[in-house]
Amino acid sequence: MQIPYTVHERPDTGLYNGKLGVWLFLASEVMLFGALFSSYVLLRTGDPGFMVVPHEIVEAIGGAAHGAHGEVRWPAELNVPIAFINTLVLIFSSVTIVMSWASLRLKDFGKFRLWMGITLLCAFAFLGLKGVEYAQKFDHHLYPDTANFLAIYFTLTGLHALHVIGGIVVNAYLWGPGAKMWRTEPERFTNRIEIAGLYWHFVDLVWIFLFPALYLL
Amino acid sequence: MSGHTAEEIKGEIRRYWLVGFALFLLTLVTVGVSYLHLSIGLAVFVALLIACLKGGLVAAVFMHLISERQAIYSLLLLTVLFFAIVMLGPIGGRLGSIGIEGG
Numbered sequence: 002m003q004i005p006y007t008v009h010e011r012p013d014t015g016l017y018n019g020k021l022g023v024w025l026f027l028a029s030e031v032m033l034f035g036a037l038f039s040s041y042v043l044l045r046t047g048d049p050g051f052m053v054v055p056h057e058i059v060e061a062i063g064g065a066a067h068g069a070h071g072e073v074r075w076p077a078e079l080n081v082p083i084a085f086i087n088t089l090v091l092i093f094s095s096v097t098i099v100m101s102w103a104s105l106r107l108k109d110f111g112k113f114r115l116w117m118g119i120t121l122l123c124a125f126a127f128l129g130l131k132g133v134e135y136a137q138k139f140d141h142h143l144y145p146d147t148a149n150f151l152a153i154y155f156t157l158t159g160l161h162a163l164h165v166i167g168g169i170v171v172n173a174y175l176w177g178p179g180a181k182m183w184r185t186e187p188e189r190f191t192n193r194i195e196i197a198g199l200y201w202h203f204v205d206l207v208w209i210f211l212f213p214a215l216y217l218l
Numbered sequence: 006m007s008g009h010t011a012e013e014i015k016g017e018i019r020r021y022w023l024v025g026f027a028l029f030l031l032t033l034v035t036v037g038v039s040y041l042h043l044s045i046g047l048a049v050f051v052a053l054l055i056a057c058l059k060g061g062l063v064a065a066v067f068m069h070l071i072s073e074r075q076a077i078y079s080l081l082l083l084t085v086l087f088f089a090i091v092m093l094g095p096i097g098g099r100l101g102s103i104g105i106e107g108g
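Top to bottom, those sequences are chains W and E.
Going by the numbering used here, the first sequence opens with residue 2, and the numbers climb by one from there.
Going by the numbering used here, the second sequence opens with residue 6, and the numbers climb by one from there.
Accuracy of the hints is not assured; some may be wrong.
Unchecked claim - Pairs of lysine-lysine residues, derived as BS3-like cross-links and limited to a Cα-Cα distance of at most 30 Å, are as follows:
id, chain 1, residue 1, chain 2, residue 2
1, W, 181, W, 112
2, E, 15, W, 131
3, E, 15, W, 108
4, W, 131, W, 112
5, W, 181, E, 15
6, W, 108, W, 181
Hints listed in this document are in silico derivations from the structure and should not be mistaken for laboratory results.
For reference, chain E alone in the conformation it holds in the complex (with noise of 0.2 Å):
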């Protein structure tokens, strides 16, 4: 998983405070996005490809996950599935009410 000799841990070190400038250069990209008066779909789109990109730096790096055991990995692909079913939900309700309105 992570380095043990005090070499590679000190290179860990400089990846974390490099991820954390990264990190605090997309908040502000994306406080100013939100001052573009984007479309809604566009912004709401955009909001979210940068906040993923964030929330993927820190899964990444700061919880290791790119150098994880695989039963992290099968634990999170079951938790990824359901989560998308409890995300897909309200789609497809909103899907069943337009079929409802135009029937």
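Looking at chain W on its own, in the form it has when it is part of the complex (with noise of 0.2 Å):
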């Protein structure tokens, strides 16, 4: 059975069915991790006490700089030059998956491959500064159960992580496997490789907001 309106856009909606499919579920995304930043502005509000780190803990750790009235909130725990060298990793992923859609639509095939591997790499690099970042936490026996901020912090930037591995697993098959599909309907592949782009765009977006609101404020 063909499956209609994969290269030609459908008349009714005026897209292919693939790109209305994931608009679709990147609206559900966005109710996803709406709730859960909703939940942690309620906490935030809501208890005096969210962002500040316990005492015990900051004797067990050490070394944190003080707040206004003497307390140590919880970014000052967190590893901002890791997050941040991480935002400036996802944004460059961001630019070169859009330059791998555009080579596709250039007919270049070769430049597709470096700028969807490059941005496996950069996919790879998040995940490993992430995963030496929670290895940190690990190691000074912070948990998800040791606060509520870092039950909030593990769950945002845990989620955001799965999606960087979903991203993983589909630009991996489209950079490998997935890519003799240019040699027989190369527009069709041109069209998987935009919406795999909306997706790892919308990881982008994500961390754009966790950054400032778990590491900065």
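Reassemble the complex: the two chains are provided individually, in unrelated frames, and hints are given to aid placement.
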């Protein structure tokens, strides 16, 4: 059976089906992250002690900068340089994945392979740095059940990391075995890269909001 | 939606790099502002303003929302509506609890 509208646009929506499907998926993702972000705002505004590191933890890990009232706030315990580098890595990967799509539109499959390969390397670099960050937390015996802030921090960043892993699986398939579609159905393959890119940009978009909300404020 | 001639696509590529560079600069600004020791209200406002600007650039240029089909806009309008409800929930909850404490 031939799947309809994988290349050409449906007359009623003006979109090929895969693109509409991915946007519907992204809309559900907005609600998923939105609900968690809303929980973070609720906890942060509702509990005056939410952002304050308990005294016994400060003593155990030591050396954090003190706030205006002498208390230590959780962002001071997070690794801002790593998160900053990770932000730049994700932004660069957003450029490289859109470059891979543009390369296909210019009929340059070699460049596509290059840019998609760099995107994958960026994704692995992000996860590697995230792993270093998590390892530092675990070394200090900071786990999701240690404090409410850490529960939200690990949930939001962990869910985001799972999305990065999902992106790696899809992009690696399209870079590797899935790329043979380019020889038989180049337009359909180009569309696949476009919608994989839409997902990847969304992953970047979520991090753009997580970075200041968790690490800087 | 997007240009189809090679020249138009090359023009788009220049725009992608320009936006990538703008996002890089805005990230530097975000981190720089966090060292200014602003009041928490102002810090939240500035950080979220920059994040919205960066998110807007990603959505508009990388996700092509600047020139998308009506169906996508309609879908996103509904998403924004529900997202606003989810985000306004905590504010409503806070106002409610203040009312209870006041009463």
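Going down the list of hints, with the structure as the test:
1. 181/W - 112/W: Holds, at about 15 Å.
2. 15/E - 131/W: violated, 34 Å
3. 15/E - 108/W: This hinted pair holds, its Cα atoms lying about 12 Å apart.
4. 131/W - 112/W: holds, 29 Å
5. 181/W - 15/E: Holds. Residue 181/W to residue 15/E sits at ~25 Å (cutoff 30 Å).
6. 108/W - 181/W: holds, 14 Å
Going through the hint list in order, the structure does not satisfy hint 2, though it satisfies all others.
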